[in-house]
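Listed below are the residues making up each chain.
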Amino acid sequence: MKFLCMRCDEVMRFEERQLPGDGTMGVVFACPDCGSEVAMLTNPMETQMVSSFGVKIGGSKIPDQPLELTRTFLDGGRDEAFADPPPPNGGPVVWSPEAGERLSHVPSFVRGMVKRIYTDYARERGIDSITPAIMDQARSELGLEGM
Amino acid sequence: MARRFRTYGEVDGSAGQEVLDQVVAQRRRLDERLSHVRWVVPVVSGKGGVGKSAITANLATLLARRGRRVGVVDADLNGPSLARMLGTLETPLMVGEDGIVPAIGAAGVRLVSMDLLLSAADAPLRWKGPANDSFLWRGALETSTLREFLADIAWGSLDYLFVDVPPGTDRIERVLELVPAPGAVLLVTTPSAAAMHVVAKSARLLREAGVGQMGLVTNMSSYLCPCCGCAAELFQPRSRAGVQDIPGVEPWAEIPFDPALGDATDGGRPPVLDTPDSPAVQAFERLASRLEERLGR
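Just so you know, the sequences run in chain order A and B. Taking this note's numbering, the leading residue of the first sequence gets 1, the next gets one more, and so forth. Taking this note's numbering, the leading residue of the second sequence gets 1, the next gets one more, and so forth.
Among the clues, some could well be false.
What the hints assert, rightly or not - Listed below are the simulated DSS-like cross-link pairs for lysine-lysine, each with C-alpha atoms no more than 25 angstroms apart in a straight line:
id, chain 1, residue 1, chain 2, residue 2
1, A, 115, A, 61
2, A, 61, B, 128
3, A, 115, B, 128
4, B, 128, A, 56
The set of hints was computed from the structure by calculation and includes no laboratory data. None of the values given here were measured: they were computed from a predicted structure.
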């Protein structure tokens with residue numbers, strides 16, 4: 001898919017992707033010449049269609065997790081299906097009680113994967129304590145759907 | 001004056017969405033994983049209920065017992081049965097650095113199956129997503145899941161990776177998109193004319209896709225009487241006509257119907273482990289030898 005700036009005859013460049021809720025995906029493109037911006041909003045079915053290919057518009061800032069798509073979209077996964085190892089050492093990242101409480105609400109089918117993503121996010125940014133605010137920041141920044 | 005639009009290909013430049021890069025990376029990851037597998041062997045039919053999964057379970061177990069390194073992908077996401085047949089139900093999957101460690105089944109066969117992920121034995125496969133029009137995205141999501149089963153499982157080095165493909169010729173095409181050059185394909189049928197009618201379509205699809213080696217496995221070729229051991233035809237001889245006449249397909253094995261084989265396989269212990277002298281297991285031995293001979297072991 002390409003968006004063409006009709007005034008400048010230039011392919012508009014990807015700028016930003018957001019998931020504002022209700023299954024909507026917003027993607028902003030801008031003309032490299034005149035700076036005009038356009039936002040594409042997808043409906044839930046269109047968002048799902050893109051996600052079903054295992055791709056993220058604009059790419060991802062975190063490495064893919066094994067079976068990430070399956071674990072993210074499977075409805076009714078078995079709690080004990082995965083034995084996730086603890087996140088690797090390499091820096092003290094602790095979870096605040098509030099963040100731990102919030103994590104406990106994530107279905108255990110994907111909890112290990114989600115915990116690893118947040119922990120990696122914190123470690124890569126030199127954050128030593130994961131709080132609900134850090135989780136919100138990571139969700140927004142990484143575009144984590146359903147996590 | 002009407003505008004003249006250029007085509008997608010005529011417009012130079014990328015929007016920087018990185019979608020194509022991700023698709024290329026997916027393909028590269030899959031190819032890298034399968035580069036450690038000597039032979040990928042889809043087990044297909046096109047028709048349901050002919051015994052693909054039981055044949056996959058027994059053949060994989062038998063080859064593992066011969067010392068081969070064997071993996072199995074249960075590609076029947078909506079009707080998985082191989083975790084049960086290989087005795088790995090409710091085995092947690094370890095998440096390792098190189099991917100998900102497969103479950104270990106009978107004789108050391110490595111396995112991934114949707115049955116290992118679902119919450120209950122009677123849980124149907126359901127996906128999170130918009131409730132309406134799920135037919136629009138479900139096929140894409142399930143193909144992506146199959147890609148993850150192939151690419152994200154830490155199979156290690158394998159001699160054989162069997163892919164148990166669900167009914168429907170479209171499912172065969174999906175597997176070929178992911179594994180375009182399988183070492184061989186096992187076509188499973190029964191001697192019934194109805195099954196052969198569908199299997200012929202699958203064979204044509206495979207032939208036109210350039211698959212070189214297709215071995216026909218005729219399941220339930222005869223019935224072995226549990227009392228006297230004599231073999232009787234399950235189908236009229238008229239129905240058997242044409243079973244071996246599909247272009248490009250070689251008859252590789254005929255597996256007699258044996259109630260004990262079905263019971264043992266359904267119970268998670270394929271009979272190739274315990275009853276090596278039964279006619280059905282002997283037929284599996286011949287099938288395994290034929291496969292190895294054709295693939296040049």
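Hints versus structure:
1. A:115 with A:61: 16 angstroms, holds
2. A:61 with B:128: 23 angstroms, holds
3. A:115 with B:128: Within the cut-off at roughly 20 angstroms; holds.
4. B:128 with A:56: Cα-Cα ~17 angstroms, so holds.
In summary, the structure agrees with every hint in the numbered list given earlier.
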